[in-house]
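Engineer: Listed here are the chains, written in short residue letters.
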Amino acid sequence: MQLEKFTYDNKIVRDFGIATIVWGIIGMLVGLLVATQLFSPSMNLGNQYTTFGRIRPLHTNAVIFAFVGNAIFMGVYYSLQRLLKARMYSTLLSKIHFWGWQLIIVSAVITLPLGFTSSHEYAELEWPIDIAITLIWVVFGINMFGTIIKRRERHLYVAIWFYIATFVTIAVLHIVNSFQLPISFFKSYYIFAGVQDALVQWWYGHNAVAFFLTTPYLGMMYYFLPKMANRPVYSYKLSILHFWSLIFIYIWAGPHHLLYTSLPGWAQSLGVAFSVMLIAPSWGGMINGLLTLRGAWDKVREDVTLKFMVVALTSYGMATFEGPMLSLKEINGVAHFTDWIVAHVHVGALGWNGFLTFGVLYWLIPRIYKTELFSKKLASFHFWIGTLGILFYAIPMYWAGFTQGLMWKEFSEDGLLKYANFLTTTLQIIPMHVLRSIGGGLYLIGAIVMTYNLAKTMLRGKLVANEEAEAMPLEKVITNEDAADKKWHRVLERKPMKFMVLSMIVILIGGMVEMMPTFMIESNVPTIASVKPYSPLELEGRDLYIKEGCVNCHSQTIRPFRSETERYGEYSKAGEFVYDHPFLWGSKRTGPDLHRIGGKYSNAWHYNHMLDPTSMSPGSIMPAYPWLITQKLDISMTEAKIRAMQTLGVPYRENFDAVAQAKLKEQADAIAADLKQNNIEVKSDREIIALIAYLQRMGTDIKANKTTIPSNQ
Amino acid sequence: MFKQIKDLAGNEFYLIASLLIFMVFFIMVGVYLIKMSKSHITEMSNLPFNEPQSNEYEEV
Chain A
1 MQLEKFTYDN KIVRDFGIAT IVWGIIGMLV GLLVATQLFS PSMNLGNQYT TFGRIRPLHT
61 NAVIFAFVGN AIFMGVYYSL QRLLKARMYS TLLSKIHFWG WQLIIVSAVI TLPLGFTSSH
121 EYAELEWPID IAITLIWVVF GINMFGTIIK RRERHLYVAI WFYIATFVTI AVLHIVNSFQ
181 LPISFFKSYY IFAGVQDALV QWWYGHNAVA FFLTTPYLGM MYYFLPKMAN RPVYSYKLSI
241 LHFWSLIFIY IWAGPHHLLY TSLPGWAQSL GVAFSVMLIA PSWGGMINGL LTLRGAWDKV
301 REDVTLKFMV VALTSYGMAT FEGPMLSLKE INGVAHFTDW IVAHVHVGAL GWNGFLTFGV
361 LYWLIPRIYK TELFSKKLAS FHFWIGTLGI LFYAIPMYWA GFTQGLMWKE FSEDGLLKYA
421 NFLTTTLQII PMHVLRSIGG GLYLIGAIVM TYNLAKTMLR GKLVANEEAE AMPLEKVITN
481 EDAADKKWHR VLERKPMKFM VLSMIVILIG GMVEMMPTFM IESNVPTIAS VKPYSPLELE
541 GRDLYIKEGC VNCHSQTIRP FRSETERYGE YSKAGEFVYD HPFLWGSKRT GPDLHRIGGK
601 YSNAWHYNHM LDPTSMSPGS IMPAYPWLIT QKLDISMTEA KIRAMQTLGV PYRENFDAVA
661 QAKLKEQADA IAADLKQNNI EVKSDREIIA LIAYLQRMGT DIKANKTTIP SNQ
Chain B
1 MFKQIKDLAG NEFYLIASLL IFMVFFIMVG VYLIKMSKSH ITEMSNLPFN EPQSNEYEEV
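Line by line, the protein sequences are chains A and B.
In this text, residue positions in the first sequence follow our numbering: the first is 1, and each later residue adds one.
In this text, residue positions in the second sequence follow our numbering: the first is 1, and each later residue adds one.
Chain B extracted, bound-state conformation (with noise of 0.2 Å):
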């Protein structure tokens, strides 16, 4: 199953090239959320809902 992406006659540079650009990238993503802060997020998420509540649309 992995010969698909094993056995690239000598063209494996770019796959290998290619999944460590991903990894360098995931792992910043990765390290700026462990960081994030917890209130931040709770802000973050609930932007949807601060909209003024006054000109919603109310369910009878």
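Isolated chain A (complex conformation) (with noise of 0.2 Å):
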């Protein structure tokens, strides 16, 4: 057997790693953006565009898939060819591929600014886009097994393992949470409804952060690490272990960011259960990872790059120790809703995604550019500005949950709220906010300094476009095969197809425990009589409110709590949310939940509110929405909404379309005619009044509810 020469495509990886860091920089500024708005409304600069309910979804988008995505992709590719001894199946599919990806970026950049989204949190971008995902995401499936296939080493290392299992669970997931029934190229309404919908987007939500910014970044870990510290991961058995663990126990976990909703109870505990369990694989990787330190952490001080990886290992233990703990239902009841969950996510996003990924820049641009880092003292700065970014976000921010988890919660000594005006609570931490966008700011000079060193790097190398590798192919037949040969981990080493089959089979189980019996059991939703459709003013209202975003601070949920009964109204039934595609209950309350809000203002107070907040709520930090008021109502979808809502089985009257034009006029005029007798002179053709007509049916249909209420607790 002869030595094969070939080459591994070092174009793509530096195209990815561009990628990486323009898009990090972008999607941090526009975070930075978010974050001064929380404190300055002035922030959202007058116009509708850019205000926080549809930029906020810009910077998840952004640093999710486009920042770790492009990471992601460059870290695969590297490794990937490396590990397999192989080109990449196809250049061509590499750059379909790369450019596939920014296209549907750009994409996002464009059209969530512009109000079109599914409201679907981590999913918002609309049908097209999601067909395009698809696509983009198959050709890098076919590039990766094609590259799996032609490789010149028989067995798979761990990180491949990671890279299959992410490719698989992802597919599923986006698959699932994109059942949509399209009305128009850039609007369409999710097929599942109220719980159900709730419950595949959490399971949906959850494991992105899973497979997303978990599984693929341990591929990483597993190649890049040894390879930085040059000794072999500290357990390979524990590496096997963790990974069959991770990929079964975390699908399960996502009813836990439905915890005390009209989710059934089972579902809750389900996800409670499993998420305590999850802490075992989960500080399987990071105790893993940080002990192939063991005898070299001497080079730890010397080496930038293992200081990074180091610190995202850290946070990666303290996040998924935290992610269990969050999970308990006692402490769920106070953290949820706040920003202690801001500064969990962000422990995980800057420290284990964001240092991560600089490590690994720092690492790899210099070698595909056979020089060396322009600056070491710059990569060391870095990594101090980016560790004082993380602290400074982080201790604010848990600052801030706390106290506002507890401000929430607190009666006076009469058995009233203490703190009966959620404004209070809301002003009380801006203070936290200031420092957060700070550290926010610090985490983001950091990564500015790396662009110019990467950047001076490159100039100072060349780029080795087609590194020149040779490897002994592959035997093709194996004859005489040992006993020990046939086990069947290490047929599943050799044979990618039947692994990946068997990590699908294993993703699929949890999912499937607690969907079908939701879907499927009709106890488990039980229906109320009260509650009908919506109006068809009512139902325009509704997109309103999903194209400007307010489920990005106000929830739809009300917890059976005291202190949420008493501040809100009645808690929420499972019942109640029958016709809503999608589900609105939110997952942050940087406003007051709004379930009941319905009947609780007049229609005037509705309209100065969202014409200038602070008029009716002095201090509020809430943008104004002054375009609600100018713009006049766009109907020409309102048929087609309809007969959307009718396919989906909301029992609206045969031929209702027909008549559902003149139905919305009637009730806008109505809303026009009180406006007026309070002295406000509007059309009553403009969005404003739809607004108002949803916000003034929300929560009410169980009021006219004279039978008890099945519950779900």
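Calculated from the structure, these hints are not laboratory results.
Any given hint could turn out to be false.
Claimed, not checked - Heads up, simulated DSSO-like pairs for lysine-lysine below, C-alpha to C-alpha not over 30 Å straight-line:
id, chain 1, residue 1, chain 2, residue 2
1, A, K418, A, K370
2, A, K299, B, K35
3, A, K237, B, K35
4, A, K676, A, K665
5, A, K547, A, K227
6, A, K600, A, K418
7, A, K11, A, K462
8, B, K38, A, K498
9, A, K409, A, K329
10, A, K329, A, K665
11, A, K495, B, K38
12, A, K237, B, K38
13, A, K299, A, K376
14, A, K532, A, K703
15, A, K495, B, K35
16, B, K38, A, K150
17, A, K95, A, K498
18, A, K588, A, K676
19, A, K588, A, K227
20, A, K95, A, K227
21, A, K227, A, K329
22, A, K227, A, K498
23, A, K95, A, K329
24, A, K418, A, K329
25, A, K11, A, K370
26, A, K665, A, K600
27, A, K547, A, K703
28, A, K498, B, K35
29, B, K38, A, K227
30, A, K370, B, K38
Since this is a predicted model, take the numbers as computed values, not measurements.
Once you've looked at the hints, go ahead and assemble the two chains, each given alone in its own frame, into the complex.
Structural biologist: This is the structure:
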């Protein structure tokens, strides 16, 4: 057998590397903007395209899918080729993958500020972009499996299992969470409603964290950390154990995002139990990483890439310890909807994802440019300012989270809410939000310094676009296998397709056990007779609520705590959401819950509040929405929306779409007339009228109910 | 504290069955790991270092 000569494609690695840096800076910059909006409403810049509700999804999408996404592909394309001793399967597919992914990001940058959103967190992009994501993901899969098939190394190293699990699971999650019924090119409704939609979304949301922010990064850690430290991974057995446990357990944990909601109690408990168990495989990965550095700690002092890796692993350990703790109902009751969760995710995002990405970039760029890093001092500066940035970000947010969580629940000696006005709790934490943005700013400065350092490094060297290598080809036929060779995992290590199928089965079990009964067994979502479909005007108003991203700051689910029923009213029931395509429960209360807002204030109050929130709530940090008053409501799709809802099972009477416009006008005129009585002159065809109609309807249906409402709690 | 996973109003089946499925799966992986040969583990954990060294970037 002769040595075969081939080349590694470094150009695609470089391209994804540059995209990582560019989108990283943009994503963090948008993050800084939204952070300042939370203490200075003027930073919403006075126009609809840059308000918090529309820009916050842009930040999350940019840092998750653009920054981390490109970093994943950079790491995978570099390590996969070397671990398999083969060039990527197709240079053309690599290019399509690269440009396709950047195009998807650009389309997100355009559509999200325009208000085209599906409202599902971290899956906001509308259906045509969802399809594009699917296609590009398949291109990535073909390219990856093609490379695996033509490899020159028989066994698949543990990093590659993590890449395979990532590919399979993200595909499944993305497809199931994109079941939408299109109305037009930029509008669709999720086919699931209420509780079921919530379960699907958080099964997706939680596992996007697991399989986009965690497993590919663990794969990268298993390749790059041993390379950086120049020693093999601490325990290969532990890597197998924690890989299988991690992908098995993670998929069950989604319902911990829905504790105390109207999700069936048993599903919540499953989420809690598996979330607590999750600490074991997560820490297995962290310990395996940190112990790989055993006997090499002296290198950590010298080598800045290892410094980044150590902080990344420590942050991973902290975030994955905190996650299970936050899943305990007692802790979740205080922490959920507060800044505590923001602190938690940013320890993971800034520490684990950010720092691991920086470490890999500092290690990889000089290597593919055959030169040395331009300045170790600047890299060291980046490390320290970045670490300081994380601390300045996380500590104030924890403080704010504890403060707000406790203030919401505090009663006076008379048995009344001590802080009955929600705004008091918001204003209390403003200084913490200022500090947080300073932390974010420091972190961003570090990233900019890195950009300069790496650009100088690139200019100094020359890209080895096609790096020459040689390896023995793989023997096609294996005869006389010894008995030990037939063990199942060894077979799996050689048979990527079987491996993919097995990992898919493993990740499907959890989702199916949780979802099937919630979808199939009627008693899991008890219906309420008095809950009726939305009127056409309310439906249009609801779509405006989605468009403006109100869900980013306002929840629509009241938990069964006295502190919440006192503040907001009757706690939320599963049967109230059966016509909600999509559900809008939210995950954060920057402002108060709105589920029982209907009928609480007058139409005039809502009008004035939307025009200038501080006129009704002095000191409010909510942005003003003057364009809702000047812009005409788009009713060109009202009939189509009604028909779509009928298709999804909402019981509008037959041919209701034909009278929808008339009904809409009738209700709009009534609201405009009511406003006029309060000296507010506004045409009845403006957007504000529809939004008021929706706000006034919210949570009012059960008030008409005379019988006892079944509860899931 | 255990109330949240104990008191499930007749729906304990889901939790018990789920935990059993995981136990079985975990034991299977465990048994495999115990039976794994040492030489194979060494071979696998050294895979990142089996690259053609001549083409690697050399630290100066």
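Engineer: Take the hints in turn and mark each one as holding or not.
Structural biologist: Outcome of the hint check:
The hinted pair formed by K418 of chain A and K370 of chain A fails the criterion: a straight-line CA distance of about 64 Å is larger than 30 Å. The straight-line distance between the Cα atoms of K299 of chain A and K35 of chain B is roughly 35 Å, outside the 30 Å bound, and the hint therefore fails. For the hint pairing K237 of chain A with K35 of chain B, the CA-to-CA distance comes to about 11 Å; that is within 30 Å, so the pair holds. Of the supplied pair hints, the one linking K676 of chain A and K665 of chain A holds, its CA atoms being roughly 16 Å apart against a limit of 30 Å.
Under the criterion of a C-alpha separation no larger than 30 Å, the hint pairing K547 of chain A with K227 of chain A is inconsistent with the structure, at around 47 Å. Distance hint between K600 of chain A and K418 of chain A is fulfilled; the C-alpha atoms sit about 20 Å from each other, no more than 30 Å. Taking the CA atoms of K11 of chain A and K462 of chain A, the gap is about 11 Å. The hint holds against a cut of 30 Å. Note on K38 of chain B and K498 of chain A: the hinted pairing holds, with a Cα-Cα distance of about 24 Å set against a maximum of 30 Å.
Taking the CA atoms of K409 of chain A and K329 of chain A, the gap is about 15 Å. The hint holds against a cut of 30 Å. The hinted pair formed by K329 of chain A and K665 of chain A fails the criterion: a straight-line CA distance of about 46 Å is larger than 30 Å. A threshold of 30 Å between alpha carbons decides the hint, and for K495 of chain A with K38 of chain B the separation of about 21 Å falls inside it, so the pair holds. Restraint check for K237 of chain A and K38 of chain B: satisfied, since their Cα atoms lie roughly 10 Å apart, inside the 30 Å limit.
For the proposed pair K299 of chain A and K376 of chain A, the alpha carbon gap of about 14 Å is at most 30 Å, so the pair holds. Of the pairs offered as hints, the one joining K532 of chain A and K703 of chain A holds, with about 12 Å between alpha carbons and a cut-off of 30 Å not exceeded. For the suggested pair K495 of chain A and K35 of chain B, the alpha carbons sit about 20 Å apart, so the restraint of at most 30 Å is met. The suggested pairing of K38 of chain B with K150 of chain A holds, with an alpha-carbon distance near 28 Å, which does not exceed 30 Å.
Taking the CA atoms of K95 of chain A and K498 of chain A, the gap is about 28 Å. The hint holds against a cut of 30 Å. For the hint pairing K588 of chain A with K676 of chain A, the CA-to-CA distance comes to about 35 Å; that exceeds 30 Å, so the pair is violated. Distance hint between K588 of chain A and K227 of chain A is unfulfilled; the C-alpha atoms sit about 41 Å from each other, more than 30 Å. At most 30 Å may separate the alpha-carbon atoms for a hinted pair to count; K95 of chain A and K227 of chain A meet this at roughly 27 Å.
With a C-alpha separation of about 41 Å, the suggested pair K227 of chain A and K329 of chain A falls outside the 30 Å cut-off, and the hint is violated. As the CA atoms of K227 of chain A and K498 of chain A are separated by approximately 28 Å, the hinted pair is consistent with the 30 Å bound. Restraint check for K95 of chain A and K329 of chain A: not satisfied, since their Cα atoms lie roughly 47 Å apart, outside the 30 Å limit. For the proposed pair K418 of chain A and K329 of chain A, the alpha carbon gap of about 23 Å is at most 30 Å, so the pair holds.
With a CA separation close to 13 Å, the supplied pair K11 of chain A and K370 of chain A stays within the 30 Å bound. In summary, the hint linking K665 of chain A to K600 of chain A is supported, as the alpha carbons are separated by about 24 Å, within the 30 Å threshold. Between K547 of chain A and K703 of chain A, the direct Cα distance comes to roughly 28 Å. Compliance with the 30 Å bound is thereby established for this hinted pair. Note on K498 of chain A and K35 of chain B: the hinted pairing holds, with a Cα-Cα distance of about 21 Å set against a maximum of 30 Å.
For the proposed pair K38 of chain B and K227 of chain A, the alpha carbon gap of about 22 Å is at most 30 Å, so the pair holds. Taken as a hint, the K370 of chain A and K38 of chain B pair is broken in the structure, with Cα atoms around 37 Å apart against an allowance of 30 Å.
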